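Assembling the complex is the task here: the two chains are given apart, and the hints tell you how they should meet.
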Amino acid sequence: MNRETEMELMRLLHGELPPDRERALRARLEREPELAAAWARLQRTWNGLELPPPAPIPLGFAQRVAARTREQSGARLPLPGEREMGSISWQAAPGWVRAAAAAALVAGAALGAGAGVWTGGRTSPVPEQGEQISGTAAEDGSLFGDDLAESYWSALDELGETPAAGDPAGDAL
Amino acid sequence: MGTETFGRAAVDPGWDALARVAAGETGAFAELVASHQERLLRLCERLLGDVEEARDAAQEVFLKAFRKAGDFRPQGQVYTWLYRIAVNHCLNKLRRRRLVRFLRWDDAADPGNRGHPENTAEAPPFDPPDRAPDPAAALEARRRWSATRRAIARLPAGQRAVLVLARFEGLSYRQIAEVLGITEGAVESRLFRAMRRIEAAQETDSSQVSSREGRR
Numbered sequence: 001m002n003r004e005t006e007m008e009l010m011r012l013l014h015g016e017l018p019p020d021r022e023r024a025l026r027a028r029l030e031r032e033p034e035l036a037a038a039w040a041r042l043q044r045t046w047n048g049l050e051l052p053p054p055a056p057i058p059l060g061f062a063q064r065v066a067a068r069t070r071e072q073s074g075a076r077l078p079l080p081g082e083r084e085m086g087s088i089s090w091q092a093a094p095g096w097v098r099a100a101a102a103a104a105l106v107a108g109a110a111l112g113a114g115a116g117v118w119t120g121g122r123t124s125p126v127p128e129q130g131e132q133i134s135g136t137a138a139e140d141g142s143l144f145g146d147d148l149a150e151s152y153w154s155a156l157d158e159l160g161e162t163p164a165a166g167d168p169a170g171d172a173l
Numbered sequence: 174m175g176t177e178t179f180g181r182a183a184v185d186p187g188w189d190a191l192a193r194v195a196a197g198e199t200g201a202f203a204e205l206v207a208s209h210q211e212r213l214l215r216l217c218e219r220l221l222g223d224v225e226e227a228r229d230a231a232q233e234v235f236l237k238a239f240r241k242a243g244d245f246r247p248q249g250q251v252y253t254w255l256y257r258i259a260v261n262h263c264l265n266k267l268r269r270r271r272l273v274r275f276l277r278w279d280d281a282a283d284p285g286n287r288g289h290p291e292n293t294a295e296a297p298p299f300d301p302p303d304r305a306p307d308p309a310a311a312l313e314a315r316r317r318w319s320a321t322r323r324a325i326a327r328l329p330a331g332q333r334a335v336l337v338l339a340r341f342e343g344l345s346y347r348q349i350a351e352v353l354g355i356t357e358g359a360v361e362s363r364l365f366r367a368m369r370r371i372e373a374a375q376e377t378d379s380s381q382v383s384s385r386e387g388r389r
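Sequence order for the protein chains is A and B.
Residue 1 is where the first sequence starts when you use the working numbering, and the numbers rise one by one after that.
Residue 174 is where the second sequence starts when you use the working numbering, and the numbers rise one by one after that.
Just so you know, these hints were derived from the structure itself, not from any lab.
This structure is a prediction, so every number in the text was calculated from the model and none was measured.
A few of these clues could be false.
Unchecked claim - Which chain B residues face chain A? A few, computed with CB under 7 Å, are given here:
| id | residue |
| --- | --- |
| 1 | Phe239 |
| 2 | Trp318 |
| 3 | Ile355 |
| 4 | Ile371 |
Unchecked claim - Coverage of chain A stretches by chain B, computed from C-beta distances (three or more under 8 Å per stretch; other residues unrestricted):
| id | stretch |
| --- | --- |
| 5 | 17-30 |
| 6 | 33-40 |
| 7 | 59-68 |
All residues carry an ideal CB built from backbone N, CA and C; glycine is no exception.
With the rest of the complex left out, here is chain B (with noise of 0.2 Å):
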């Protein structure tokens, strides 16, 4: 679980940096950049699944928290608030992306991924070297990390959002409902329905495997 504080009664400095943004210190809107880039970065490389758009998709979160620098109130953690802005247009894109493969009547590449609408195919273009002197757990690593990008591309994306937050980020179901704006209990309802879907669709890659195998 989550190892940083995230309450309400955590003091974030934060806070403070982005009042000056508000009032106009230009310094403070770097300030900000430099102490959360790396983790909105990889937010949104987890929730978008390619690092070009996370990184196009972090820049607009900036962007879009500047220009509401202003009508901020300070409450929680100023991640907190950065995440909710991160998450809800990266849902958005996930959105976008759909209609737009709805309306080329494009399905995804991976035949596996037919007849899920909300899936997303793409492998990020980043696969960074595993480190593992062995070559076989070293493409064993690979096989599991592409299993999970497309677990996760198959998730409708508020499910989606709460598996990474809960998963990668580490984030408690109060955290998660802070960031969502939802109430615990859809938090847990979501992430239920979202390891059921994983489960299944498991179940369905491996009974396809053993069958190709019983043919051969």
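Bound conformation, chain A alone (with noise of 0.2 Å):
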């Protein structure tokens, strides 16, 4: 039998042959007992292979792969269950961390108020010999910016919630 024969076999085992060729084969099959007997054989290898059934999926191996390729990227995935919040809505955001933030709000209003009155008139410092003006009126003004995100945070430590992938305080993937 010569390889392009047993190449036909192959392929009849594995149904790649077109349906014309596979039939002349399996008429060549009945009259010839050779090449019958070769493909009982190689039949009969190609059944014999087997391994056991597959191994479980081990507990946990989503939460390993996050973890490994979060310690090797450094991106920040979340553990499969863990909720995802998406970025910070403050429409999506409950009712108390709206009401903590408009407190915030007030507060740092007043904060803001009393130190005006506290330093008097020199609401415009003159820098001193040397001395940089540190920063625009806009960031000056972060501290109302800080003590949102402040309150936010702490409104979530306090739930034992951690800010979740897709935060802007969370890395980027």
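The structure is reproduced here in structure tokens:
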């Protein structure tokens, strides 16, 4: 039996033969005992290749993949089952968070007004020689933003939640 | 043969998940892992023949997929792409394993493996109990599994990959060619040579068994 015929038998085994060639080969198998014996041997070898069922997926496999990816890539990936928050949205924030933020805003405003009274007329300090003016008015006013963020995170801390992936505070992918 | 669609025409929603991974959507990666972990663990186990090593390998495959998510080109099925990463990764592991054995002058423990540089004699630690009530049948099943492991371990890496994908993953020649990045003719030829080797090894094994029995 030549190699071409052996290859044909392999194709027959895998269902890779076109129908007309399959019919022709099956007709030869009926007529040629040597070919039929080779076909039987090939089928026996193929079907005799058996492996045990695969091992079950280890518990926590997906968590380990996420942890390893995070460790090696520096990405902040949520562990499976961990709630993903997406980006911070005031609309999506619970009512108590918005209330806390409003309270912080009022407190910050009051603190700012009080500071203004306490410093008297020195609202536009003249820098000393060599001293640089440290920032713009917008930067000076970041106290409000910090307070808002602080109240948001501390409220989450109290609930035992951590900022999830997608938060501006978290690492980007 | 494979029952799942593998063709280019089919739209695989997995590409969308992969695109979201590349775009930085963090939940999408967990989704990808959940959808493909079973299949990749199984493939790695069959290629490496070692459960623990397969688990490590599958983790590394997902890590590579995460890193390469940005370079993907939607073509065929996502799992073809993942299979390609997994097969390449496992074949590299097998080659390293062979090199380590060569450097240690440490041939496989199984005497039947001597003279075959690409073999691996490690038996997987996971050997599930056969649910067959007949102990003789269970024993026979274990014997067949062990013989198959030995036969696969004796194959060169390229032939091993083709045989595992064809016999145990049920992929067609075209699907295997797609995964391995070779022609269908090369798949056919590798499979043919793999089967030739296995048949030859089985004949040698059976003649050794009969000569041992004849000496008793």
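Hints versus structure:
1. Phe239: With a closest approach of 5 Å, the Phe239/B hint holds.
2. Trp318: holds, 5 Å
3. Ile355: violated, 16 Å
4. Ile371: Cβ of Ile371/B sits 6 Å from chain A, so the hint holds.
5. 17-30: Coverage by chain B is violated for the stretch 17-30 of chain A (0 residues, Cβ < 8 Å).
6. 33-40: violated (count 0)
7. 59-68: holds (count 6)
When each numbered hint is compared with the structure, violations occur for hints 3, 5 and 6.
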